[in-house]
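K.L.:
This is what each chain is made of:
Number of protein chains: 2
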Amino acid sequence: MVSALLVGAAAAQSSDDWRPLDLEHTLYLELASGRVVIELMPAMAPAHAANVKALVREGYFDGLTINRVQDNYVVQWGDAGQGDARREIKTAKRTLPAEFDVPIDPAMPFTPAPDPDVYAAATGWSQGFPVARDPESGRMWMTHCYGTLGTARGNDADSGGGTQLFVVIGHAPRHLDRNDTAFGRVVQGMELLSVLPRGTGPLGTYERADQRVRIERIRVAADVPEVERTRLEVMRTDTPAFASHVESRRTRAEEWFKYRVSRIEICNVPVPAR
Amino acid sequence: MVSALLVGAAAAQSSDDWRPLDLEHTLYLELASGRVVIELMPAMAPAHAANVKALVREGYFDGLTINRVQDNYVVQWGDAGQGDARREIKTAKRTLPAEFDVPIDPAMPFTPAPDPDVYAAATGWSQGFPVARDPESGRMWMTHCYGTLGTARGNDADSGGGTQLFVVIGHAPRHLDRNDTAFGRVVQGMELLSVLPRGTGPLGTYERADQRVRIERIRVAADVPEVERTRLEVMRTDTPAFASHVESRRTRAEEWFKYRVSRIEICNVPVPAR
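Protein chains in written order, with my numbering: chain A, 1 to 274; chain B, 1 to 274.
None of these hints come from the bench; they were simulated from the model.
Treat the hints with care, as some may be off.
The list treats identical chains as interchangeable, and a pair is accepted whether it falls inside one copy or across any two copies.
As the list claims (entries may be wrong) - Within a straight-line C-alpha distance of at most 25 Å, the following computed DMTMM-like cross-link-like pairs (lysine to aspartate or glutamate) qualify:
1) Lys258 <-> Glu30
2) Lys90 <-> Asp134
3) Lys90 <-> Glu24
4) Lys258 <-> Asp158
5) Lys90 <-> Asp238
6) Lys258 <-> Asp71
7) Lys93 <-> Asp134
8) Lys258 <-> Asp105
9) Lys90 <-> Asp79
10) Lys258 <-> Glu136
11) Lys258 <-> Glu99
12) Lys258 <-> Asp156
13) Lys258 <-> Asp134
14) Lys90 <-> Asp71
Next up, chain A with everything else stripped away, as it sits in the complex:
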């Protein structure tokens, strides 16, 4: 009696409803347990996307570690060293002005979520990512959903830059929206991050160095030989097929469902990958 609680993503109508990942903005995070595939949304944080790629390309992350795993919250990686023990940065920048939100680009496709959101005036999907918009201020930002990539920082808004990154592994911490530079999402391999032992130190930090999880390396997918690339497509979010997918999550047709709420919230529609 294994219950059919969830039926997989609805099939889209045609191959035009899917797109390949943008290889120049896709990262492969390699752990001993396998590969985590992360797609960046450069339009959401152009300087951070460029800086993280520069860090990746100079090998900054290779051999560094996952240092923090907080249950129902985030997995965070980067340099565990402090002060002089910090890893040298060659060409990239250590910190950048925050990119918590950006101006709404009227030319950018936006598929609105069908129901009002608790946290934002409007939510929806752009370029394959969950986003929120505030028409009054003309700003948009990425919503912190399960799998969202964010930038750690200190108390100073401009103290991040991508040397420490995190991924959401729990219920969407939407209070982080517009409080850190969020600009990507895990497309494949979430289960390699979500199963990591939770840290027992403050904020889920690993208390002992030997608990940290080594990052073998991070590469930009475009730099990886074709045979080593992960073949992945994501569903386009600017098509009728995607709107229909959202509606299939909003009103469940499967026999198992007895009460069909016909409501859906942005983070309950992960963008399908195949």
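Using the hints, position chain B against chain A.
P.N.:
Relative to the frame of chain A, chain B by itself:
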């Protein structure tokens, strides 16, 4: 540069703001890795709460297994056997009429969540649990948040009964609200469930018997010798201190926050335990 993304639960004002767990309605789920403490809300599903306690007290779950771990969704346990291979039930019932929701009890304290919800007319907290209400139909039910305990079933609404239970380990699957009998929550030990290897079969089932995670036993806390009990208190949810806690999550006072959204959604306020 470990970012202070989260500050711990706000301290309550007095010991009257906390209550001990209801031992007669608390389960200890014992795994090799430790104890998961689950508190039931019998008012939400009286027949299921009684039946699960009857199953526990006849030793039904002891030596059975966790059979399903689906990333960003649920951990589910019970009898992996089918047909004649199913474990015998002595005094409890195998199935029960569904208790997806119950009449609103006007005498039951209800602390409303301060902001409108995406899925329900009203949400809030009763007796320490996250609940939703529909004043029009006069019904209330438990919301599926991270850590909520639910009852697996087949396509027939009345095909569950508590022999297979699940706990939410991902973003709140609110589309399950009123679709299964949800009647408890994990108070301590979530990280013992959330780190379990994800199953690679349909719906996250473990494909091989040796992947299943053995349940050493489940006991009702009241039946456990006092020295073996887990000392835990949960914050009362019918006090000004709790309303103040909710507000502290809604508008973050910590210096780290640059944008204070002043909005909060039911599943982003786990009820604190200590």
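K.L.:
Up to 25 Å between alpha-carbons, please classify Lys90 paired with Asp238: within, between, both or neither.
P.N.:
neither (39 Å within a copy, 56 Å between copies)
K.L.:
Give the relationship of Lys90 and Asp71 under a CA distance limit of 25 Å: within one copy only, between copies only, both, or neither.
P.N.:
neither (34 Å within a copy, 38 Å between copies)
K.L.:
Checking Lys258 and Asp134: alpha-carbon separation at most 25 Å within a copy, between copies, both or neither?
P.N.:
between (35 Å within a copy, 17 Å between copies)
K.L.:
Taking 25 Å as the upper bound on the Cα-Cα distance, should Lys258 and Glu99 be classified as within, between, both, or neither?
P.N.:
Result: close only across copies, 12 Å inter versus 44 Å intra.
K.L.:
Have a look at Lys258 and Asp71 and pick one of within, between, both or neither, based on CA distance no larger than 25 Å.
P.N.:
between (32 Å within a copy, 24 Å between copies)
K.L.:
Tell me, please, which holds for Lys90 and Asp134 at an alpha-carbon limit of 25 Å: within, between, both or neither?
P.N.:
For Lys90 and Asp134, the Cα distance exceeds 25 Å both inside one copy (38 Å) and across copies (59 Å).
K.L.:
Using 25 Å as the alpha-carbon threshold, which applies to Lys90 and Asp79: within, between, both, or neither?
P.N.:
within (15 Å within a copy, 57 Å between copies)
K.L.:
How do Lys258 and Glu30 come out at 25 Å by Cα distance, when the copy is not named: within, between, both, or neither?
P.N.:
neither (42 Å within a copy, 33 Å between copies)
K.L.:
With 25 Å as the alpha-carbon cut-off, assign the pair Lys258 and Glu136 to within, between, both or neither.
P.N.:
between (39 Å within a copy, 19 Å between copies)
K.L.:
25 Å Cα cut-off: does Lys258 pair with Asp105 within a copy, between copies, both or neither?
P.N.:
between (41 Å within a copy, 23 Å between copies)
K.L.:
Regarding Lys93 and Asp134, is the shortest C-alpha distance of 25 Å or less found within a copy, between copies, in both, or in neither?
P.N.:
neither (30 Å within a copy, 53 Å between copies)
K.L.:
Please sort Lys258 with Asp158 into within, between, both or neither, judging by C-alpha distance up to 25 Å.
P.N.:
between (49 Å within a copy, 11 Å between copies)
Checked against the numbered hints above, the structure violates hints 1, 2, 5, 7 and 14; every other hint is satisfied.
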